[in-house]
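Undergrad: Sequence:
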Amino acid sequence: MIDDLLRDIAERPVDLSDPNAMAELRQARPPMEEAGVAAEAAAALDALLDAYETGGSPTREEVRDIFRAYPSFRWAAHLPRAWNSEGEFRRRLVHVSAMDQGADPRDELMTIWWLCNRARECGIDVEPVLREVADLSSDADLYGFGSMQMLIMRGLEEHDLG
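Residues in the sequence shown are numbered consecutively from 1, following the UniProt record's numbering.
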């Protein structure tokens with residue numbers, strides 16, 4: 001299973017006292033490549049996001065449950081970093097929504113703000129996309145920080161993440 005192959009990488013300790021630790025992390029192969037599951041993981045992520053976007057409420061809840069049940073996959077599986085279209089922006093927000101606050105909703109909020117800042121730089125009107133994805137998102141407040149619907153709509157806020 002993909003999550004099992006990624007667990008050792010995801011849980012590998014990082015020596016924060018090592019001044020070279022962050023540089024080494026940036027230079028390391030992506031976890032999916034290191035585990036030898038890049039193609040399979042990309043296909044699984046695409047299938048999950050397709051189901052989340054096109055399925056009904058029960059399907060979206062099942063996808064959220066999968067991301068919760070497989071935290072190493074959730075941590076390692078990402079869409080390509082480079083993007084510049086409204087469709088790609090929407091797909092990334094759908095990914096955030098499907099992860100349903102991940103391990104820490106503060107990280108997800110920072111991701112939402114970064115995505116919205118990038119979309120604005122690309123000339124994308126973020127509000128209609130945020131509203132569409134918020135409608136797909138959970139209204140459950142899992143960590144006392146607000147629901148995923150609320151976090152998505154906080155993308156309307158503008159923040160300099162410098």
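Possibly wrong hints are sitting among the right ones.
Here are the computed distance ranges between Cβ atoms for each label pair [unchecked claim]:
(1) 16 with 123: 37 to 45 Å
(2) 27 with 114: 40 to 48 Å
(3) 61 with 154: 33 to 41 Å
(4) 154 with 17: 31 to 39 Å
(5) 17 with 123: 21 to 29 Å
What the hints contain is simulated information worked out from the structure, not anything from laboratory work. Being a predicted model, the structure only gives us computed values, none of them experimental. Positions of the beta carbon are idealized from the N, C-alpha and C atoms, including for glycine.
Undergrad: Provide an ascending list of the numbers of those earlier hints which the structure does not satisfy.
TA: The structure conflicts with hints 2, 3 and 5, although it agrees with all the remaining ones.
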